[in-house]
Amino acid sequence: MSYTIEGRTGPWELVIGLEIHAQVISEAKLFSGAATEFGAEPNSQVSFIDAGFPGMLPVINAECVAQAVRTGLGLNAQVNLWSRFDRKNYFYADLPQGFQISQFAHPIIGEGAVEITLADGVTKTIGITRLHLEQDAGKSLHDQHATKSFIDLNRSGVALMEIVSEPDMRSPEEAGAYLTKIRQILRYLGTCDGNMDEGSMRADVNVSVRKAGEGFRTRCEVKNVNSIRFVMQAVEAEARRQIEVWEAGDEVFQETRLFDTARGITRSMRSKEDAHDYRYFPEPDLPPLVLESDWVEALKAALPELPDVRRARYVAMGLSPYDAHVLTLEKETAVFFETVAKGRDAKLAANWVTGDFFAALNRLKRDVADPPVTAENLGALLDLISDKTLSGSLAKQVFEAMLETGKAPGEIVEERGLKQVTDTGAIEAVVAQVMAANADKVAEYRSGKEKLFGFFVGQTMKAMQGKGNPALVNEVVKTALAG
Amino acid sequence: MSLDTATIRRIASLARIRLDESEVQQAQAEINGILGWIEQLQEVDTEGVEPMAGGSPVAQARARLRPDVVNDGGQADAILANAPDRQGEYFGVPKVVE
Amino acid sequence: MHPTDFTLRGALDALTEGTISSVELTQAHLDGIAKLNPRLNAYVTVTAEKALAAARASDERRAAGQVGALEGIPLAIKDLFCTAGTRTTAGSRILDSFVPPYESTVSQKLLDDGAVFLGKANLDEFAMGSSNTTSASGPVENPWSRANDPDTRLVPGGSSGGSAAAVAARLALGATATDTGGSIRQPAAFCGIAGIKPTYGRCSRFGIVAFASSLDQAGPVARTVEDCAILLKSMAGFDPKDSTSADLPVPDFARACERGVKGLRIGVPKEYRLDGMAPEIVALWEQGLQWLRDAGAETVEISLPHAKYALPTYYIVAPAEASSNLARYDGVRFGTRVTEPGSDLRDLYERTRAAGFGPEVRRRIMIGTYVLSAGYYDAYYLKAQKVRALIRRDFENAYAAVDAIVTPATPSAAFGMNEKQDDPVAMYLNDIFTVTANLAGLPGLAVPAGLDAQGLPLGLQVIGRAFDEETVFAVGRTLERAADFTALPRLRAGA
Ligand SMILES: [Mg+2]
Ligand SMILES: [Zn+2]
Chain A
42 MSYTIEGRTG PWELVIGLEI HAQVISEAKL FSGAATEFGA EPNSQVSFID
92 AGFPGMLPVI NAECVAQAVR TGLGLNAQVN LWSRFDRKNY FYADLPQGFQ
142 ISQFAHPIIG EGAVEITLAD GVTKTIGITR LHLEQDAGKS LHDQHATKSF
192 IDLNRSGVAL MEIVSEPDMR SPEEAGAYLT KIRQILRYLG TCDGNMDEGS
242 MRADVNVSVR KAGEGFRTRC EVKNVNSIRF VMQAVEAEAR RQIEVWEAGD
292 EVFQETRLFD TARGITRSMR SKEDAHDYRY FPEPDLPPLV LESDWVEALK
342 AALPELPDVR RARYVAMGLS PYDAHVLTLE KETAVFFETV AKGRDAKLAA
392 NWVTGDFFAA LNRLKRDVAD PPVTAENLGA LLDLISDKTL SGSLAKQVFE
442 AMLETGKAPG EIVEERGLKQ VTDTGAIEAV VAQVMAANAD KVAEYRSGKE
492 KLFGFFVGQT MKAMQGKGNP ALVNEVVKTA LAG
Chain B
2 MSLDTATIRR IASLARIRLD ESEVQQAQAE INGILGWIEQ LQEVDTEGVE
52 PMAGGSPVAQ ARARLRPDVV NDGGQADAIL ANAPDRQGEY FGVPKVVE
Chain C
6 MHPTDFTLRG ALDALTEGTI SSVELTQAHL DGIAKLNPRL NAYVTVTAEK
56 ALAAARASDE RRAAGQVGAL EGIPLAIKDL FCTAGTRTTA GSRILDSFVP
106 PYESTVSQKL LDDGAVFLGK ANLDEFAMGS SNTTSASGPV ENPWSRANDP
156 DTRLVPGGSS GGSAAAVAAR LALGATATDT GGSIRQPAAF CGIAGIKPTY
206 GRCSRFGIVA FASSLDQAGP VARTVEDCAI LLKSMAGFDP KDSTSADLPV
256 PDFARACERG VKGLRIGVPK EYRLDGMAPE IVALWEQGLQ WLRDAGAETV
306 EISLPHAKYA LPTYYIVAPA EASSNLARYD GVRFGTRVTE PGSDLRDLYE
356 RTRAAGFGPE VRRRIMIGTY VLSAGYYDAY YLKAQKVRAL IRRDFENAYA
406 AVDAIVTPAT PSAAFGMNEK QDDPVAMYLN DIFTVTANLA GLPGLAVPAG
456 LDAQGLPLGL QVIGRAFDEE TVFAVGRTLE RAADFTALPR LRAGA
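Protein chains in written order, with my numbering: chain A, 42 to 524; chain B, 2 to 99; chain C, 6 to 500.
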């Protein structure tokens, strides 16, 4: 059942495409030697090139090119050995040169595709139109002064990858899943840190609506949406606005809009009135970017394992598709899981990581990159379960103690005497005591009230402070009651 | 192609150059004169010709790449030294409403 | 001999021999500037104190045995080259107060070789012009005047009019200049001096205020071909800061001057024989070719079929690039800002750029904006790029048969300051012989070769293969030697 929004005139389909701007991980900027670090003092990471001073010229940063190629390979996309930079001309306070150097006619990366997985487990392929390199603009601060905006050029010239999708998405959920997937791939590749709070990733969301069976209607672009949640909200809000316009008998006209996160609506951007006439032309200060196929092949050979491949490998290891999906969402999680699982039962490891460990992260508001229990210690805990030192419930107790103390599980078991009792004789003695103390219930059981079996097991475990091996306890109780 | 005054105004606006009414007329006459002269290019047969972008006399010119090294920046004072309206560590402009 | 009458080569020899010091040489030029610049307006900024300090430092270095290739030589720097700590205006009101915190690569190379900078030479605003009348600092006057009409003030040509006038009037031994459509060669020809626009990529463009990035190229003007060769050797060379800079060794251009032309084939493009061309220009061209034949070269008629489309092509490409390059002059980070109370950002831009740019610059920005704008790109810019490719191909074909091409440098001698000012296209035709070399990226040298009937200098142009400035110098030196151009401008230091 496809997603629609119900209007007065019936259901409307959504057509969504995303242009994701992802900041390239590099030391220096795309065309200058100034640093890219986030949060520096204003205008402290600015070369005269980034500030558009007279006579300044761009020189391309090799690593930024390599990062774009890695990303293209990660998106299963065509790498163009010949590409070119163009100038996109417009005036804006934080655009020092009066143009952005971008790749318009000949991008470095061509068509590709990614697969997204939706909540119901259904997968869908979203087409990538292109990826191009371009420089970021500076930042305008509007809240520092009553009548002025302040300009900080630290971001000016930082390398961005603009990843343009086909208009293949049909619901807010798909848009969210696509952005999540792109972010995941980029983080695996190490080409973008994906920190949306810091502006390392932001999306221009192209939305149109249509009736079933129609071609495309006019789209609007909602600029610079900076979280996955906001992308989903912006899609919904913009679609509803357009439906209202169409249903009122008006026409949606193509324009650039902003998502007002506080009010949950989109509004027109006055400052983009020249948006239709950027006067692109080839950047005369930069000859074409020509790549050697050997160099591209070397980058390909050195590419890390990507999430889809990793997920398939986990399924082959015996994990459920769901666990494999969850464990590969973040590269850090996958690395953590693999350390826990190394040389151990993968399913057991997956259960513990996705179960108790994730619950602990949630509860303690910690991150897998900064875990409250190390992967090595969690692995050691699994060993204690496998060799029957700990029962499941004992292991949970030990895990809690590990969270509190940070100690290794072996140490906790020693200190607290939490070793599981597997000595049949010791268990028989306790069972005998329990039966003696509950002679009436023994009689009832033996006269047919078999559901009392659990009572005896529980009493035995309680008497043993939970340390009895559950299987053995069961067995001994059964034998003893059979009398 | 002869440009009307509306087009002259649109171009001036795109180029962010303020023109008063008399300047619009003058610009129209001059620009149309120049464009009329340029028009002769249309008679050149350029079918199948690869356009020449950039100034290199060598057709196979290609970009040189720079190592990813930080060797610039850290000079906010020099960056701001020529600013017509310096506001602390920032450039100041009239407030922009988006 | 007056110190300002030295050629650059002669001054280097005198400095080596110790018959003059850099301080004496520099002071003599500063004296000439003090006397003549109020009239000629060749310099927009004179850095007398810095120059004398630099000359003293040079004399000390020389005494210590450290002698650079231009040790102690006083030069003028076109005010398009950014000079650290010295105001750089590009001839525009919009950069009136701009003091670059950095040095252009070319001027830095000259400093590294021991040169002394006298000041910044006047130019057409943002190098847009062929008369040096568009400068915000006022027009430059050509030190030459008509024999029968000495009161009519003549233009020095442009855009490097200040550089050429300064060198011709003996207010510098040489000067830096730039050439986008003829801005070195045309003023050199108008002022009776030599000037070379090298191959695109030979000199770094880093730190030179950009006019049209794919056409701009720095080069020297000086009183002799050899002086140009010496200066170009210092100015040229690979610069990693300019992605279009050619990573090639710099030859010994001065040595190449003496190669001679024996056995060279010299191309004579038939399309350059324009209808109604001044007979004295035609005669001078014929004379030049005869001199070369006399020196052992062979002259060959060639065809550059698209040459006649070069100027209109140029007047699409150059304004388009300029409209983009000059977008940075917005009154935000540097330069002049013009606002009214209550101006918003857009109003600030529009007022700043209307007041900051002169009429010719505004005109070219508008044309450039138009030819790139939506719906017109293919008809204008793309078309021009294709014709440009054809022009480059014409030269490639020609150079299969010849080693260099010789043409007139300009269609006329210097004209009066009030002439040709009303019709932009008439002014643009000044560059008709020079602009092809910019479009094709080739080296072009202007050599003073004779006088017209009114006693004004006329020049010939030598165009070479890409990165073959050596042959260009050899041909130019041969023409110079045969022409034996000894006439002097009326206004000059030491006169
Ligand atoms: Mg966009
Ligand atoms: Zn973009």
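Hints are supplied without guarantee of correctness; some may be wrong.
As the list claims (entries may be wrong) - No more than 30 Å apart at the CA atoms, straight line, and that leaves these computed lysine-lysine pairs for DSSO-like: (1) A/180 - B/96; (2) C/40 - A/180; (3) A/341 - B/96; (4) A/437 - A/341; (5) A/437 - A/388; (6) A/222 - A/189; (7) C/246 - A/129; (8) A/490 - A/388; (9) A/460 - A/490; (10) A/388 - A/252; (11) A/383 - A/341; (12) A/448 - A/482; (13) B/96 - A/129; (14) A/492 - A/482; (15) A/448 - A/437.
No lab work stands behind these hints: they were computed from the structure.
For each hint, the structure was consulted:
1. For the suggested pair residue 180 of chain A and residue 96 of chain B, the alpha carbons sit about 13 Å apart, so the restraint of at most 30 Å is met.
2. Under the criterion of a C-alpha separation no larger than 30 Å, the hint pairing residue 40 of chain C with residue 180 of chain A is inconsistent with the structure, at around 51 Å.
3. Between residue 341 of chain A and residue 96 of chain B, the direct Cα distance comes to roughly 47 Å. Violation of the 30 Å bound is thereby established for this hinted pair.
4. Annotation: proposed proximity of residue 437 of chain A to residue 341 of chain A is violated, straight-line Cα distance about 43 Å (limit 30 Å).
5. For the suggested pair residue 437 of chain A and residue 388 of chain A, the alpha carbons sit about 17 Å apart, so the restraint of at most 30 Å is met.
6. At roughly 39 Å between alpha-carbon atoms, residue 222 of chain A and residue 189 of chain A are farther apart than 30 Å, so this suggested pair is violated.
7. As the CA atoms of residue 246 of chain C and residue 129 of chain A are separated by approximately 22 Å, the hinted pair is consistent with the 30 Å bound.
8. Only pairs whose Cα atoms come within 30 Å are accepted, and residue 490 of chain A paired with residue 388 of chain A is rejected, the gap being roughly 38 Å.
9. Note on residue 460 of chain A and residue 490 of chain A: the hinted pairing is violated, with a Cα-Cα distance of about 33 Å set against a maximum of 30 Å.
10. Of the pairs offered as hints, the one joining residue 388 of chain A and residue 252 of chain A is violated, with about 46 Å between alpha carbons and a cut-off of 30 Å exceeded.
11. For the suggested pair residue 383 of chain A and residue 341 of chain A, the alpha carbons sit about 27 Å apart, so the restraint of at most 30 Å is met.
12. Taken as a hint, the residue 448 of chain A and residue 482 of chain A pair is broken in the structure, with Cα atoms around 43 Å apart against an allowance of 30 Å.
13. For a cut-off of 30 Å, the pair hint linking residue 96 of chain B to residue 129 of chain A stands: about 24 Å separates their Cα positions.
14. Distance hint between residue 492 of chain A and residue 482 of chain A is fulfilled; the C-alpha atoms sit about 11 Å from each other, no more than 30 Å.
15. The straight-line distance between the Cα atoms of residue 448 of chain A and residue 437 of chain A is roughly 14 Å, inside the 30 Å bound, and the hint therefore holds.
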